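Q: Sequence:
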Amino acid sequence: MHRALRGWTLLVFIAGLYGQDAQAPPPASPPGLETDWDIGVVLREIGAHAGRLLPALDRVDAQAWVAKGASDTYGVQLESAKQQAKAMEAGADELARNPEKLSQSLELFFRIQGLDTILASLEEGMRKYQGPTDAAALASLAAENGKNRERFRGYIETLAAEREKQFEVMDREAQRCRGMVAAQPSAAPARSSGRKK
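If you're matching positions, the sequence shown starts at 14 in this note's numbering and goes up one per residue.
Treat each hint with caution, since some may be false.
As the list claims (entries may be wrong) - Straight line, CA to CA, 30 Å or less: simulated DSSO-like cross-link-like pairs of lysine-lysine:
1. K141 <-> K95
2. K114 <-> K160
3. K114 <-> K178
4. K81 <-> K99
5. K114 <-> K99
6. K141 <-> K99
7. K99 <-> K178
Since the hints were derived computationally from the structure, they do not count as laboratory data. Computed from a prediction, not measured in an experiment: that's the story for all the values here.
Model the full structure from these sequences, guided by the hints.
A: Here you go:
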């Protein structure tokens, strides 16, 4: 009986909270967090940038570099860069549809950083083994994403901070609910009369 009463009290309390939330219109996005629409534009541009990188990466001739004495790791880096660019293009487009997914946002940001590192290495190889003009073109194309990358980084930081606040509020509410339920007087156990029927 006591458990049923505690469960019922908790259920009524939670229903009351949801009832209050249903009456107030939800905010479009928390203060300081860019709207889905605004960050969606940034994400679509990140995806488009990755798409523009692919033809530039196809012009990198790592096999010829190796023939000129370059390390064969350039070939591995080139293939990795192509895979990262394709995954970035698809991931950014998908995330643009629902940008508040923190885990996917982090995954995309790590891809961007990884690709930037590989592109810097390939640019160095291009300058040495393919020509400074091609290297400058790749560096210029890679730099185009800098503003969007930094804006996306700021969005992720704000989103993560907002999620932490939400979890803290939920934890406090859960603790308060537990305290209310624990404070309920326990029902006295049913006493038997001792008579048999």
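Q: Please go over all the hints and tell whether each is borne out by the structure.
A: These are the hints, each one checked on the structure:
1. K141 <-> K95: 21 Å, holds
2. K114 <-> K160: 21 Å, holds
3. K114 <-> K178: Given pair K114, K178 holds - Cα atoms ~16 Å apart, limit 30 Å.
4. K81 <-> K99: Measuring from Cα to Cα gives roughly 29 Å; hence the hint holds.
5. K114 <-> K99: Measuring from Cα to Cα gives roughly 20 Å; hence the hint holds.
6. K141 <-> K99: Roughly 26 Å separates the two Cα atoms, so the pair holds.
7. K99 <-> K178: Roughly 34 Å between the alpha carbons, so the hint for K99 and K178 is violated.
Hint compliance for this structure: hint 7 alone is broken.
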